[in-house]
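We have chain U already, so just place chains A, L and E on it with the hints.
Protein chains in written order, with my numbering: chain U, 230 to 461; chain A, 230 to 461; chain L, 230 to 461; chain E, 230 to 461.
Think of the hints as simulated: they come from the structure by calculation, not from any bench.
Among the clues, some could well be false.
Since the list can't tell identical chains apart, any single copy or any two copies may satisfy a pair.
[Stated by the list, open to error] Calculated cross-link-like contacts (lysine to aspartate or glutamate; reagent style DMTMM-like; alpha-carbon spacing at most 20 Å):
1) K451 - D363
2) K434 - E424
3) K294 - E369
4) K461 - D283
Protein chains: 4
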Amino acid sequence: MYSELKEIVCKANIELHAHGLAPFTWGNVSEVDRNLGVFAIKPSGVPYSDLTPDKIVVVSLADGKVVDGDYNPSSDTPTHYVLYKEFSDLNAVVHTHSVNASSFAQAGRGIPAYGTTHADFSYTAVPCTRALTDTEVNSEYEYNTGVVIAEHFRKNMLDVKSTPAVLVRSHAPFVFGKNASDAVHNAAVLEIVAEMALKTELINKDVTEIDGYLSDKHYFRKHGANAYYGQK
Amino acid sequence: MYSELKEIVCKANIELHAHGLAPFTWGNVSEVDRNLGVFAIKPSGVPYSDLTPDKIVVVSLADGKVVDGDYNPSSDTPTHYVLYKEFSDLNAVVHTHSVNASSFAQAGRGIPAYGTTHADFSYTAVPCTRALTDTEVNSEYEYNTGVVIAEHFRKNMLDVKSTPAVLVRSHAPFVFGKNASDAVHNAAVLEIVAEMALKTELINKDVTEIDGYLSDKHYFRKHGANAYYGQK
Amino acid sequence: MYSELKEIVCKANIELHAHGLAPFTWGNVSEVDRNLGVFAIKPSGVPYSDLTPDKIVVVSLADGKVVDGDYNPSSDTPTHYVLYKEFSDLNAVVHTHSVNASSFAQAGRGIPAYGTTHADFSYTAVPCTRALTDTEVNSEYEYNTGVVIAEHFRKNMLDVKSTPAVLVRSHAPFVFGKNASDAVHNAAVLEIVAEMALKTELINKDVTEIDGYLSDKHYFRKHGANAYYGQK
Amino acid sequence: MYSELKEIVCKANIELHAHGLAPFTWGNVSEVDRNLGVFAIKPSGVPYSDLTPDKIVVVSLADGKVVDGDYNPSSDTPTHYVLYKEFSDLNAVVHTHSVNASSFAQAGRGIPAYGTTHADFSYTAVPCTRALTDTEVNSEYEYNTGVVIAEHFRKNMLDVKSTPAVLVRSHAPFVFGKNASDAVHNAAVLEIVAEMALKTELINKDVTEIDGYLSDKHYFRKHGANAYYGQK
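Just chain U, same shape as in the assembly (with noise of 0.2 Å):
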């Protein structure tokens, strides 16, 4: 009933890890189906070279509680949950510890729009959240994570389409996609980015953003109704 979603899951966690962007077992990809309403996950602490799609763990989007799998679910399950429940057009979620984007993160900084590269990925800036409080940390902290980022979307009126990314403050990154693999390529983008960002700011401590309408060109380039960037 499952098997397609662990393979797909299973296999974006394992993409996950190849490009660099999750040492030892840091890291989580998961991805919802919500036809069957429920998501499936990275188990917690595995190391990606034992992943296989059976260790996969399925979580039912009505509780959050597991409905397949014999493994513990990611320590981060219930900020995936929270995000799906949040965003009905979500597909899929990742979280990584990237450096140049955690590094952002615990700057308590989000990452200006520089340039193109960007513009290509996301269509704003990368937001990077309040602190959790420490009740909020105290009690069910890895929902409160996700609480804090919906509150964060809500409040700055984006989305989880054209904002694909962002930073929880003191923490690291969570970046969301089309599907598993599509949110994977956009970790790894945002590590790109960050960089960058970095780096220019080294270079130019001036800095400003990039033209909104060069951003707007770039991002509706790759994305949406008029984009016309590869192939049909």
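For chains A, L and E alone, kept in the frame of chain U given last:
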């Protein structure tokens, strides 16, 4: 008729990816055949691992239209087209989003010539164009990218032989060469030169450019009639 | 008698090199067997590619003398010896000159805890010891390196379980673990954490350390009786 | 007659490339045989992948002329020649444009000795020469590069054994060794030491050099009559 050109261009695109200069589907290489009145270029959005000579697209120098190939050409094709029209001695063009060179483009700065590694490759600093205007972006954007590059070269009396790379502001580099493979080589050298320039400024914020006589010596040691580097 | 310990230590040294943490012959790993009253350690100056279990050297905890093996032990052996004597719950020690962590050591600074990647690994900032005195360096230098580390831990009420890494000023890191392989893992994490800390400060020079409640949460999610990361 | 020397030099050049220190055709290694009165060096502009011992060029110490080999020697051959003439105890020379060391050269700064990684390798800071004059560059440039290095060593009472690397201002490093392979090793260490020095300054802009007694300890632990690192 175009098979040799397509093979050359296919091979150079694969080299570009192998150098790590073009992750995913980013970046493209073209080479012109002025006798045949065409240039060949990468298809848009096709992964490098899937690239074969028959997927390379051939474009007319007369009108910029596709004359051979089943795929959409790179979305940057009109930029290549303008460059071949504007510079009669231009043989090959590479576009990348390589991290260090793109960071200078995002910072709105050319790459100063700080040492002999730079001078071995380019007779001048690597220039950075002005920003495109809203109008230029919203009407024939890729074509106008080429126009702005050509304008910069004319205004500053640069030529594509001795200035083999240029940064488009807020975007990324375009690189030139004697042929597709040479342009890929230059794109790789540019990325090293950009990384060195960034680090040079971090090591000495008051650094000045290389002495002109040393720069000339290195450039002409490798280029032109009196070059004595390499084998005859 | 020591064959299992020698195999474990040989394997961990090779892992250290494979992680890129110990180029050439730099770096060494040891693990203690307190029942046997010995620790096993890398031979001095032997390339990792030539390392086999029979070349591993076994040293007595009673007097620091070699009890098994034909090679000279690592020149840092007296440091390991002191650490095992001083910390009765210490099981394994790694020494590297990994670039980012050593740069903090050279800068005379510990690594501040800026985010959850750090907190997942260490309960505290990574400390940096005082400089050794001329006398300490010129008499039993390696032994005194261990003494200075132990002094720092005692004075600051740190323990090697919850503070699994320390920087020796002007030198490089020493890293601890539950066993040799775990200590190698910690050495690899330390290097990532150090790179992130450097970049975090470049992105925001006024950054402050992670909130204590968030740090605690992450540390105890992975360590101790109430850990819930991973599989049971 | 020269076959052993050519094999040694060929192998060392290939090692240099394998270490990532010499992309494309950049960089060259030579080793001298003072009994035979010659040194062997890489041919100019030949890719490392095409390098075989029979392509190595042998040059006379008497007059700097080629005595064996069908290829043009490296364009930097006169620099090597001067160095072998000026330093009677010099056995091997490596030239690279490795990124971090060359960035210091471009910045016009030597590499300060900030830690034991540096002291394990060099007894002193890595010096940076003065700039060559217009006249020196325009007449026998490569020869004068060697002259300026030799001048710097004499004026500062340095010797090539204990100061195994030097940066030529606005250019790049020259590195020395007991033999070709040792010089390549030193070139690799120099690049690590340069990266660490850059990062050390980013972490602490007020950092000072390593204490002399600690530097001496590390240097003499590995070098000279009382060295005790490694196996006998």
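I'd like to know which numbered hints this structure contradicts. Please list them from smallest to largest. The structure conflicts with no hint, since it agrees with every one listed earlier.
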